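Enquirer: Sequence:
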Amino acid sequence: MGLFGKSGKETRRRGGGTTIIATGTTLVGELKPEGNLHIDGRIEGNIRSEHDVSIGADGSFEGDIQAHRMVVSGFARGRIECDSLEIVEQGKVLGEVSSRAFVIEPGGQFLGESRSTDEEAVAALSHWKQSTASGGEPTEQAGVVVPEPEPAKEAEPEPAVDIKPTPEPEVGSPVADADTAGEPDIGPAFEDERQPGAGDEAADAGRAQDREDPRQGRDWVAQGERRWR
1 MGLFGKSGKE TRRRGGGTTI IATGTTLVGE LKPEGNLHID GRIEGNIRSE HDVSIGADGS
61 FEGDIQAHRM VVSGFARGRI ECDSLEIVEQ GKVLGEVSSR AFVIEPGGQF LGESRSTDEE
121 AVAALSHWKQ STASGGEPTE QAGVVVPEPE PAKEAEPEPA VDIKPTPEPE VGSPVADADT
181 AGEPDIGPAF EDERQPGAGD EAADAGRAQD REDPRQGRDW VAQGERRWR
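Residue numbers for the sequence shown follow full-length UniProt numbering, beginning at 1 and rising by one.
No lab work stands behind these hints: they were computed from the structure. Remember, predicted model here, so these are calculated numbers, not experimental data. Just so it is clear, CB atoms sit at the ideal spot from N, CA and C, and this is done for glycine as well. Errors might be hidden in some of the hints.
[Unchecked claim] Think about it this way: if two alpha-carbon atoms lie no more than 20 Å apart in a straight line, the pair counts; the simulated EDC-like pairs of lysine to aspartate or glutamate are:
1) Lys32 <-> Glu105
2) Lys32 <-> Glu89
3) Lys92 <-> Glu105
4) Lys92 <-> Glu81
5) Lys32 <-> Glu44
6) Lys92 <-> Glu44
7) Lys92 <-> Glu34
8) Lys92 <-> Asp118
9) Lys92 <-> Glu113
10) Lys32 <-> Glu50
11) Lys32 <-> Asp64
12) Lys92 <-> Asp64
13) Lys92 <-> Glu62
14) Lys92 <-> Asp58
[What the hints assert, rightly or not] What follows is a list of derived Cβ distance ranges for each label pair:
15) Val28 <-> Asp58: 14 to 20 Å
16) Asp83 <-> Glu44: 21 to 27 Å
17) Glu96 <-> Glu154: 20 to 26 Å
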């Protein structure tokens, strides 16, 4: 699995030969090999080289390494600065890694912190972090496009409802007369149920008949009084 990488032609540096630290050999101190270095034994210290450094399956290293290219199939702990680092199957690296290209193959392990020394990649990543931290819009180089937020819409106020009280009708108005037209007038009924003039007509008829026939006139008066009662 590649974490950092850049296409291009790799330049190999050649020295006078390859120095091999054999299995069972332990070196403590600082090494400055003039050519490539291969470790099958154990080294504790610092390595300063402009060439390739490789650690075999049985080899181990603890310290600081500066090299052109490094391949680990054994164990390495410390700080590593190189142009490219490859951790192959069964390889294990613990510590800090600074490299332009960093490759971890299946079966390899890395535990620590790594950063890229690729100037273009570092510049783009740094610019993107600064843009997002300040709340600005990232540029096309960062490859991230953030849409502008839409302005919030103000809520429209609801129209006020004007409720007017219904006025009471005045006394004597057509509305008041219409309201009271259907009410029965029970007062005069208790005073006198007889219609005026009805009894007088019966009495006059009775007196006329009484002149002709006194008995028949009294009957007309009695009938008239019973009728209007």
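Enquirer: Confirm or reject each hint.
Expert: Cross-check of the supplied hints:
no., hint, in the structure
1, Lys32 <-> Glu105, "violated (28 Å)"
2, Lys32 <-> Glu89, "violated (27 Å)"
3, Lys92 <-> Glu105, "holds (11 Å)"
4, Lys92 <-> Glu81, "holds (16 Å)"
5, Lys32 <-> Glu44, "holds (14 Å)"
6, Lys92 <-> Glu44, "holds (16 Å)"
7, Lys92 <-> Glu34, "violated (26 Å)"
8, Lys92 <-> Asp118, "violated (23 Å)"
9, Lys92 <-> Glu113, "holds (14 Å)"
10, Lys32 <-> Glu50, "holds (9 Å)"
11, Lys32 <-> Asp64, "holds (12 Å)"
12, Lys92 <-> Asp64, "holds (15 Å)"
13, Lys92 <-> Glu62, "holds (12 Å)"
14, Lys92 <-> Asp58, "holds (12 Å)"
15, Val28 <-> Asp58: 14 to 20 Å, "holds (18 Å)"
16, Asp83 <-> Glu44: 21 to 27 Å, "holds (24 Å)"
17, Glu96 <-> Glu154: 20 to 26 Å, "violated (54 Å)"
Hint check: violations occur at hints 1, 2, 7, 8, 17; the rest are consistent with the structure.
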